[in-house]
Every structure is written in structure tokens, then in C-alpha cells.
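Asker: Sequences are here, hints too, so could you generate the full structure?
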Amino acid sequence: MREGTRIGFILLVTPLLLWLTLLIVIPHIDMLLISLRERVGVGEYQFSAANYLTFLQEPLYLWTFLRTAVMSVTATLITLLVAFPVAYYIAKMAKGRVKSLLFLLCLVPFWVSELVRTFGWMILLRETGIVSSLLQYLGLVDGPVEMLYNDAAIMTGLVYTSMLFMVVPLITTLGSLDDAVIEAGYDLGGSGPSILREIIIPHAMPGIVSGCIVVFMLSLGNYLTPTMLGGKDSLWFTELIYSQFIVRFNWELGAAFGFVLLFLSSFIVWAMLRLTGQTLEKTMG
Amino acid sequence: MTPDLECIDLTKRFGDTTAVKEVSFSVPPGSFFSILGPSGCGKTTIMRMIAGFLQPTSGDILIKGKSVLDVAPNKRPVNMVFQHLALFPMMNVADNIGYGLRRAGLPKAEITRKVGEVLDRIGLPGIGHRRVDELSGGQKQRVAIARCMVLEPDVLLLDEPLGALDLKLRERMKIELKALQADFDTTFVYITHDQSEALVMSDQIAVMNNGRFEQMGTARDLYYRPQTPFVAGFVGDSNRWSGRVERAEGDTLELRTENGLLIRGQAHGRALAPGSSAEIFVRPEAVRLSRNEGDLSAFDNRMSCRVTSLLFNAAASRVLVRDAESDGEIEVSLPQSGEFDGLSRGDEVHIGWSGDQANCFPAGAG
Amino acid sequence: MHLRSKKLKLVVSVATFGLLGLTQATSADTLRLLTWGGYAPENVVEMFEKETGHTVEVTKSNNEEMIAKLRATGGGGFDLAQPSQDRIAGPQAEFGIYKPIDLSKIDASQFITSMLEATKGNTTVDGEVYGVPHVWGTSGLVLDTSKAASVKDYTDLCSDDVAGKVSYRLKRPTLIGFAFAMGLDPFAAYGDEAAYTELMEKVEAKLIECKPNVKTYWGGGDELMNLVRSGEVVASMAWDTGGWKLNSDNPDITFVAPASGALGWIDTFVLPAKGKADDAAYAWINFVMQPKVAAMITDAAGNFTASKGADEFVAADLKARYQASFPPEAVDNIKWYPPVPAGLEAIEGGVLDRVKAAN
Chain A
79 MREGTRIGFI
89 LLVTPLLLWL
99 TLLIVIPHID
109 MLLISLRERV
119 GVGEYQFSAA
129 NYLTFLQEPL
139 YLWTFLRTAV
149 MSVTATLITL
159 LVAFPVAYYI
169 AKMAKGRVKS
179 LLFLLCLVPF
189 WVSELVRTFG
199 WMILLRETGI
209 VSSLLQYLGL
219 VDGPVEMLYN
229 DAAIMTGLVY
239 TSMLFMVVPL
249 ITTLGSLDDA
259 VIEAGYDLGG
269 SGPSILREII
279 IPHAMPGIVS
289 GCIVVFMLSL
299 GNYLTPTMLG
309 GKDSLWFTEL
319 IYSQFIVRFN
329 WELGAAFGFV
339 LLFLSSFIVW
349 AMLRLTGQTL
359 EKTMG
Chain B
9 MTPDLECIDL
19 TKRFGDTTAV
29 KEVSFSVPPG
39 SFFSILGPSG
49 CGKTTIMRMI
59 AGFLQPTSGD
69 ILIKGKSVLD
79 VAPNKRPVNM
89 VFQHLALFPM
99 MNVADNIGYG
109 LRRAGLPKAE
119 ITRKVGEVLD
129 RIGLPGIGHR
139 RVDELSGGQK
149 QRVAIARCMV
159 LEPDVLLLDE
169 PLGALDLKLR
179 ERMKIELKAL
189 QADFDTTFVY
199 ITHDQSEALV
209 MSDQIAVMNN
219 GRFEQMGTAR
229 DLYYRPQTPF
239 VAGFVGDSNR
249 WSGRVERAEG
259 DTLELRTENG
269 LLIRGQAHGR
279 ALAPGSSAEI
289 FVRPEAVRLS
299 RNEGDLSAFD
309 NRMSCRVTSL
319 LFNAAASRVL
329 VRDAESDGEI
339 EVSLPQSGEF
349 DGLSRGDEVH
359 IGWSGDQANC
369 FPAGAG
Chain C
1124 MHLRSKKLKL
1134 VVSVATFGLL
1144 GLTQATSADT
1154 LRLLTWGGYA
1164 PENVVEMFEK
1174 ETGHTVEVTK
1184 SNNEEMIAKL
1194 RATGGGGFDL
1204 AQPSQDRIAG
1214 PQAEFGIYKP
1224 IDLSKIDASQ
1234 FITSMLEATK
1244 GNTTVDGEVY
1254 GVPHVWGTSG
1264 LVLDTSKAAS
1274 VKDYTDLCSD
1284 DVAGKVSYRL
1294 KRPTLIGFAF
1304 AMGLDPFAAY
1314 GDEAAYTELM
1324 EKVEAKLIEC
1334 KPNVKTYWGG
1344 GDELMNLVRS
1354 GEVVASMAWD
1364 TGGWKLNSDN
1374 PDITFVAPAS
1384 GALGWIDTFV
1394 LPAKGKADDA
1404 AYAWINFVMQ
1414 PKVAAMITDA
1424 AGNFTASKGA
1434 DEFVAADLKA
1444 RYQASFPPEA
1454 VDNIKWYPPV
1464 PAGLEAIEGG
1474 VLDRVKAAN
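Heads up: the protein sequence lines correspond to chains A, B and C, in order.
Just so we're aligned: the first sequence equals residues 79 to 363 in my numbering.
Just so we're aligned: the second sequence equals residues 9 to 374 in my numbering.
Just so we're aligned: the third sequence equals residues 1124 to 1482 in my numbering.
Just so you know, the hints here were simulated from the structure itself, not pulled from any lab data.
Heads up, some of the hints might be wrong.
[To be verified] Heads up, simulated DSSO-like pairs for lysine-lysine below, C-alpha to C-alpha not over 30 angstroms straight-line:
1) C:K1275 to A:K310
2) C:K1458 to A:K310
3) B:K83 to A:K170
4) A:K310 to C:K1183
Model, not experiment: these values are computed from the prediction.
Answerer: See below:
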């Protein structure tokens, strides 16, 4: 019996360990080693921190990272603002079939690939696209309007892509809030906004935080959406990594950028948790 | 004196179903009013209408003589203790109790003072900083009441707040609740499906069934003088027979049950002519048990029986006996005076009860 | 280092990960071809499979990705690849991802001799030849002549006439093209890093100045086609074939060789260092260089090949478009890319990054 449990435990843990070591730990160690070497000649390398210094000394790279981080934070906040009422409606107000239907509607966009979704936005927003044509048809604008290739387009794409990852944790936490607690708030004299502020939001905090972490990380690591919707001004950090690896053949700098992204994004998440007085354990539990 | 709460012809329909049908009642100031009924009888609907979470289909609700139909729940001078208490888990005890005061815009110092006072009154001084989930069931109960009482509402509604507690605690909380009500001198409206909660605490009880009030009165009225068969069956336990009236002299009746038993009973003013069918209710505790037939000469219903079963339940112990005449089973309270310590299955005993204690209702009255 | 590279591919691309798996499963007579879209049309693959019994697996890619994929696997995962001739010597010296071509297995008589010799010269590292030519073409300007007649050269893309309706790629051909159009000679500066850096700084300034004119930097051929077809873009730096394809839909749109000269490229055949089906690879090279087959590829890809005598089998309209875009003096003016020395990409990369970041 004890032997059986042991085997069961090993069987359960093995895939996790394999996944962690083979797909996460080993590649990262490898990346770290690559990031710490410098090309000194044809096929010759030496140990050095030059790549990290490049990041710190070149304002362009720092600026790109900063821009990516600020845009991601903004996208996260907008996603939260858009997703919260949606999640609240689904979790608390919709009932039965309407509820499942609405939830399904949130899921549907994720049945097609991110590429197709982004193309969809391009078709909508381009100068000869649907929105522009509609505005002209309605007589709201005189000529074609270009809505692609700017930060607003990137933001739209990011929010759209991230919605589900914010809505799901919010629905879960809001769903666990007893209706009676909200009613008690009203009963004791609370108004809508005060109940939202003092009861609903504190209760939903773990969901808000986990949703925000996921959306922030997804936005920060997104490559397709900023590149395609941002066009000539996209300037996204992952794009830098991609071009170092693929276009410039400069794996060393690319790997260093990868680590910089890893550390800085972890730092931002940590700082946000501290700022909002949340812990990762609370969020997970 | 204006009643604290008055409901007039209150009706609530959900689609085709009518949850509450033309219910009227009034609750005088400072009294403890209970609505007792099985689940689904509409009592929660009434409570939610009073609190303002539901709008009545028709009828009116008056608090201190003023209609509150147009008043939003957060503005009504009514507060509610929820079934699962609905304390705010994200706040500590003091913040929970202070919530309503903060919403009313009281200055901080006054809130602190009032919270401290109410904590003293519920006998839990100094627990303001504790988290809600650190409290015991009884403490939560008291905090939930304090959270409402600190607002000094005209009426406090309680929605089966003892349901989640274990038996011992529930017994204690009954007494405590009653004491708190007397202490705060506030009108309590209490809904429950547990008759003992209602009987112990209430000044007035309304028994509710199928959206209607069956009977309203004191605990003793309901117990001794049930006006409908439903109340007779729902409040307290009863032996129950169906039969036919053989003779009637005023309110005193002689009835023959379906299995041939002759019972003398009381109509208490209900119309029961000879020949009509009736339902007869006799409480187990109204039946006197004796080993000796002579002890029972004062009762007009007497029979000899054999013990078929002993249902031991401490003070509420019962004996099941089978009477020789009709072969029917009757439930009788077992006195705990020591007299029947040796009683065992198969023993021959005698039972008797006064005809006054046999409540008769016209059959099919409910 | 190779072992490390093998692991790193997990991070680089999921596609490569799948390909590693294929390495073990593939038998010798499956030809894994890493090439450009249109270079291995289905009808040609079918003919080849029927004739030789080999099967062909085609993976479509571009120069940078080809090299990145081969670098990630140390030259494994494919049996035949087709990078441009200027991108062979540098990566080979740096990463050792190719193996020498056994010229005795190639039917040299099928090639246009001058082109074969030029490619051999450009792809020689340490005395070994690593590439033979296949498809060649140029990049220049694709214009809607009805709206952008004023554009004669790359630098004209920055004029006010076409403001907001211009596109080009943010890649090295653009840097080179602009340099020539500005009267500079980047190829001459290839050997001198300092001179090249200085030259590129001028190009950078020009491109930043030009940026407000640009609608967007295009990334893929289809994206450009869409932009031009919808009229959102009227002038762009692009490949000749793109212009010719658009010309068949809209006669106003066509490819124009810029005044400073079109940039000529030659895509080659190379053998990845760890390729396992060399015989099939040589068979493929000799098969597709037959004039009739080469013409089929020209029809599919739009570009001409280094196959001798294939021209006469090419569809007449394509020939006509080619001749319209390339009068004899324009052909003479084509600037052929010399091999890129290792290290230039870093200089160009910095320029491209800064242009992208500029406002």
C-alpha cells in the first residue's frame, strides 16, 4: 500500500519535474551562459558582462523597455476596467443559460489564433478598413482615417487579447462573494460606489491581482500584436529580442535582453504586489 | 400606539406563482415577532420585502406609520441579520460594526465610541481588532446583531440566524437573543422554520403556510388553541386521527375514528355537526400514562394498551403504545419522575386524556 | 557549443523544436528543403517525386530565419537550404552551418556560366565552395505610376508628393538602397568598419528624416501587396516580382528600377552541415535546373533562374513585364550584393533599431 502511494507520487511528480527541468531550467541556464559571453573574433567568445552593459549604456534599449513596461501597465489597467463590469455581470447578475452564453462569448475569440485575431483588427482599423469606411459613410469624417500603426491600436489589440485572462479570475473571485454580503452592505446604509470600494473590490482583490499579473506578463511578452498593429512605431521589447536572435544573429545580446526582461518584469510584479499590500500566496490561495 | 411595523395585504407574485398572499400584520414597539413556517412558505419573501430587496406586487409596508415602499433598502430604518450572517470577511470586527456608521457619515471618534459601547453590550469588549474568521459561531452571531443595532434601527429583521449553529449553542443563543432584544428594547422580526426558536423567544408568532398566515398569536395560543389543522400539526407534536362526529353537545364531541376508536374531543367553536368528518389532534404530552387504571378516572378518554416501543430522548422521551380496542399506535410522553423507570416493551399500561385536549377540526380545512 | 545551441533552439522557436524530432524519424530519401515561398511549387515537387522516388518536405522561410534555424541546430534538421549568396560566407565562417558542395555531382552545363562562377566565388570559404545559384532577382521600387510618377529613386520616397503613402522594409536592403541613392557606395565600404559606420550614420539620418512619410514598415510580401492593392501605399521599396504580380491586377502599378540601380540578389543552394540526404539534394538541384522545370519555378515565383535556356519556356507576359522594367541599361546598372563580412550586421542593426525608435 505504501509502495503504491510512492509510485503514484513519483508518477505524478515526474512530468512536472521533467517539464520544469527540460523546458524551463535548462534553457534558462543555457540562455544565461550565452548572455554572459562576448564575441571577440570569428567563432571566438569570452566570458563577459558586455551584453548587459550594452543594455544599460544604450538609451534606445532602456527607452524601449520603459515604453514596453508603461504600455503594458496601461494595457493591464484598461483591461481591468473593461473586464471588471463584464465579470461582475457574468458572476453576479446573469443567471443560468445567459451566464454560460456570456462566458462562452468571452471565450470565442480564443478559438482562433492570435494572428487571425490581430489580422481582424487590422482589417477593421486600416485606412481602407471597415471602421474608416463606416465613418465616411456616416459623414462623420471627410476622408479616410488611418487608425492603425499607433499606440492606441496597440493598446486596443493588447486589451482585446488579454480580456479573457482578466475575466476568468475575476468571475471566480466575484462568484465566491456571497450575495448576502452585498445585500448586507446595502442594508446597513451603503451606496453602490461605497459597496464596490469597501466590499466588492477588497473581496475580488486576489482575482484582480492574479488577473493583472497574467495580463501584464502577457502584454510585456507579446510580440505579434504590437508589431502588427503598431507598424513603424511599435517599438516593443520582445521585438528587440527577436531581431537580435533572428535578424542580427546576435544571440548573446538577445539572451541578455531576455534576462533583463525576466528580471525587470519580475521586479515590477513584486513592486506592484508590495504596493497593493498583496502577497503571491494570497493570490494563489 | 403606532406599531413599529405594519404590513397591509402584502402580496408578492413571481411569474405565475404567488409567494405571499395578502398578508397583514402589525408588530407593536419593543416586541419580538416571529414568522414560523416550513421552507418555501414565503416567509423569506416577506422579510426581503420589508428590508427592501424585493418590491411587493401589491399591499403596503409601514414603519412607524410611514409607508416605506418608495424607500431604498439603504435608506430604510430597518436592518437585517442574514441567515449566514454576511459579516464582511475583509474587515475586522470594529470595521464591520462601524460600517453603517461610516456610511452615515459620523465622525471617527463617535464611531469608535459607539462601536466600543455596542461591543460591551453584547458582552464582547475589546475584540474590535479581531478578524471575523477568528470568532466562534456565537461571537459572530452577536457581532452580526451588534452591527445592525449600532444603527438603532426601528425594526431588526433576523433571517434564521441560528440555523448554522450546533444544537447546544443554538439553545444558548435563543436565550441570549431574547435577552439582547429586551436589552436593546427594539422590535425584532424573526423568521424561522424551527418552532422551538419561535416558541421560546417570541411575544407573537405568525404561523405561515403556502404564502398565507394560518394563525397569529402567542406561543401558548398556538400550542394550546391551534386554529387550523396545519398549526395543530406544525406546532408541537400530535397524535392524529381522522373520524366522524357521532354526537355533539355544544363544543363537546364524541367521535369514532376510522379504526373504530371512540374519542371525546372539543370543537372550540368550530362547526362540527354529527355525521361530519373531522380530524382529531392529541398531543403526546397531554396523554397521561399510568400502570393503574384507577388513576385515570378523571379523564373522559381512557384505554388500556401494551408498550410497543420506548423512544428514549432524555427529557423528551416518548412511549409508543398500542391500544387493545383499535390496534392503533399512540405516542405518549414518558414522565421522568422515576415512576416508569422499569417500563419495558410488552408491559401493560393505561392511558387517558381529557376531552378538552383533543382538538377537532372539520376534515379538509387545511 | 553545439550542444548548447541544440538546447537553445527550444527558446528560439517551437518550429525548430519540432524539426529536431523529425531528424530521427526521417529516412535518407526524404529531402527536407528549407526554401522561399514559390521556389518549390507543388507541380515540380510532384514531378521530382515521381521521377526519383524521393519525397520532399518543404519549409518556407527567409534569409534570416534560415540561418537562425540552421544555427540553432548546428546545421541540422534540413538537407538543402536556399539563402542568398551574400549570406553564406559570413555565417559559415562564424557558425559552420554548411558543408562544401561536391561540384562533380552538379551538372554545370545547366547553369548560366557567368552566374555560376560569380556565386562560386562569393561563397568560397577556405578554398571550399559552399553554394551554387538558383533564383535571382532585384529589389527596387514598386509604384502606382498614376499617383507616384515623381518617384525615380529611393530618396524620392521621402518627398512630400507621396507623404504618408510610402512603405519599405526596415531591413538591410533598405539601408543599402538608400546609400546608393544618396550617392554613396556601401559595397566599397564593406571591408572598412569605420567607413561603413560613418556611411550608415548618414543613411540613418536620412531614414529618420524620412520616417514621417512612411505609412508603415512592411514585414512580409503579402502585407505589402495588401497595402499597395488597397491604395493605402502608392510607392514602396520592394522586390521585382511583387511589382509584376500587382501589375497583372492593376496596370498602373509596376516595378521600376531606381535611377541609382536596382539591387541584385541571387538565392543559392547550400547543404546544411548535418544534412542527411545529400544524394537527394544533388538530385533536386540537377532536376530543377533543367530549363523546363526552371521555367515552371519562374512562373510560380515570378523570378528568373540561373538555368541556361529556361527563358524561352517562361510565360510571355512575365517576360514582357521583365523587359519593361529592365531596359538593357538598367540591367547593366544592377548592383549585385557582395558577401556580407561578419560584424556588419551589428552596425546595421544599431541603425535599424534607432530608426525604428525615432519619432
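Asker: With reference to the structure, classify each hint as holding or not holding.
Answerer: Results for each hint:
Restraint check for K1275 of chain C and K310 of chain A: satisfied, since their Cα atoms lie roughly 23 angstroms apart, inside the 30 angstroms limit. A C-alpha spacing of about 27 angstroms is found between K1458 of chain C and K310 of chain A, which places the hinted pair at or below 30 angstroms, so the restraint holds. Under the criterion of a C-alpha separation no larger than 30 angstroms, the hint pairing K83 of chain B with K170 of chain A is consistent with the structure, at around 23 angstroms. Only pairs whose Cα atoms come within 30 angstroms are accepted, and K310 of chain A paired with K1183 of chain C is accepted, the gap being roughly 25 angstroms.
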